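The whole structure should be built from the sequences, with the hints applied where relevant.
Chains as they are written, first to last, in the UniProt record's numbering: chain A, 1 to 223; chain B, 1 to 273.
Hints are supplied without guarantee of correctness; some may be wrong.
Estimated spans, in silico, between C-beta atoms of each pair [claimed, not checked]:
(1) A/N86 - B/D185: 46 to 54 angstroms
(2) B/K41 - A/N86: 39 to 47 angstroms
(3) A/K105 - B/D9: 41 to 49 angstroms
(4) A/S47 - B/S101: 17 to 25 angstroms
(5) A/R106 - B/N4: 33 to 41 angstroms
None of these hints come from the bench; they were simulated from the model.
As the structure is a prediction and not an experimental result, all values here were calculated from the model.
For each residue, glycine too, the CB sits at the ideal point set by N, CA and C.
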Amino acid sequence: MTKQHANWSPYDINGGTVVAIAGADYCVIAADTRMSTGYSILTRDYSKIIQLADKSVMASSGFQADVRALQKVLEARHLIYQHQHNKQMSCPAMAQLLSNTLYFKRFFPYYAFNVLGGLDSEGKGCVFTYDAVGSYERVGYSSQGSGSTLITPYLDNQLKSPSPLLLPAKDAVTPLSESEAIDLVKTCFVSATERDIYTGDKLEIVILNASGKRRDYMELRKD
Amino acid sequence: MFRNQYDTDVTTWSPAGRLFQVEYAMEAVKQGSAAIGLRSKTHVVLACVNKSTSELSSHQKKIFKVDDHIGVAIAGLTADGRVLSRYLRNECINYSYTYESPLPIGRLVVQLADKAQVCTQRSWKRPYGVGLLVGGLDESGAHLYYNCPSGNYFEYEAFAIGSRSQAAKTYLERKFETFKDSSRDNLIKDALFALRETLQGEKLTSSVCTIAVVGVGEAFQILNQETVQGLINEFEIVGEEPPPADEAAPPEQGSGAESGSSAAEQGAAPMDI
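Have a look at this one:
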């Protein structure tokens, strides 16, 4: 007798790609704005990026209902933190909180593939990358989502420090300037849009630096 | 007359139909240091006196942010106040999480009152020994409420609780009709004047008081010491006529003025009682 299986799934895949790059004193977080299901487009104008704290911005691809639920939990937890500590959460603290929150649902996971970007307590850019159950690591750059397989090799080529292509790579914050990093991100998405059907429509870029937060948009192919 | 026969626990009525334990809890509020609230159509100002037990210790925190649009000032057992503030914060966070919109203050005070009432009807509990002035916004504008240990709550244009609050209430009763259309800054000034009444001649400086404001388009915030001292200096000077076109004079006038003693100067400060 074969095991009975459910005739429905609690999950859906809404596609999309997210990228983040850490600089010496800035961080760039970007995501496309297309939301899909199956081979259809649900909307061309949905933001996958949310600012959780002064210096923490999260971008998530995967199942957007779970993404939204995860965002709400983190927002509420941040309010509690502010009441208790009388200050905003630092990006590394938020990173740990996100990891714990994801692992809390280890046996019914948030179908969310996250990238957390921001500025650490020294003002340097930081990027944390996650899997669906909370395993995370601080890196200099990262990509998640349907286009990540197309973008990550390109970022490795552009950003991974030359000699450590051989050794365990120390992909620390990039020496690129803010505008160079933004151009790099735009290039990534234009390329990914060409070959990934789930990535396109519009690119939303958030830049965090000492002066605050900035948001930029760029049109992408709509096919 | 029969107080001590019927005051042992909160679940005993007196023959006159009173719950003495609840009344004793209200007494605890009267013993705490003063807290004042006033509101206009668009803003609420909360002010309180910060008396510390000794020069060596820090002040007790008596004003708490509950959410961007709500804050409370407490008088009485500050520990009870802290715990209730945590409850209020939690309720606001949960409501925001569920409805993605701010909890209307009118709903919050009812929940708080119901929580306080529970403690007046359980033999294993005691009433909260703290009065709360809850100031905040909902869709119809700014509101100020007072929540008692008894579980009652009332909406006010302006109110004062704690020790020597009667002096502040007298001032507020005189001026409350002007509050509705008052500007934010005038409302703060009135709060400072009311606060000064409770100090009974002691000098009002930013180190003995805390002021907080919330309003339409302005998230709840506790004003920092320098801002408060600046406002105090400003209204002390108001009592004196500034010298003709002389920019340098005001700082000297500010240091010369003592609280409430400017009756001798021309253009007398209207606050002297």
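Here is how each hint holds up against the structure:
For the pair A/N86 and B/D185, the supplied restraint of 46 to 54 angstroms is violated, since their beta-carbon distance comes to about 26 angstroms. At roughly 30 angstroms, the beta carbons of B/K41 and A/N86 sit outside the given window of 39 to 47 angstroms. Between A/K105 and B/D9 the CB atoms are about 46 angstroms apart, so this pair conforms to the stated range of 41 to 49 angstroms. In this structure the supplied range 17 to 25 angstroms holds for A/S47 paired with B/S101, their Cβ-Cβ distance being about 19 angstroms.
Between A/R106 and B/N4, the C-beta spacing of about 59 angstroms breaks the proposed range 33 to 41 angstroms.
Hints 1, 2, 5 from the earlier list are contradicted by this structure; the remaining hints agree with it.
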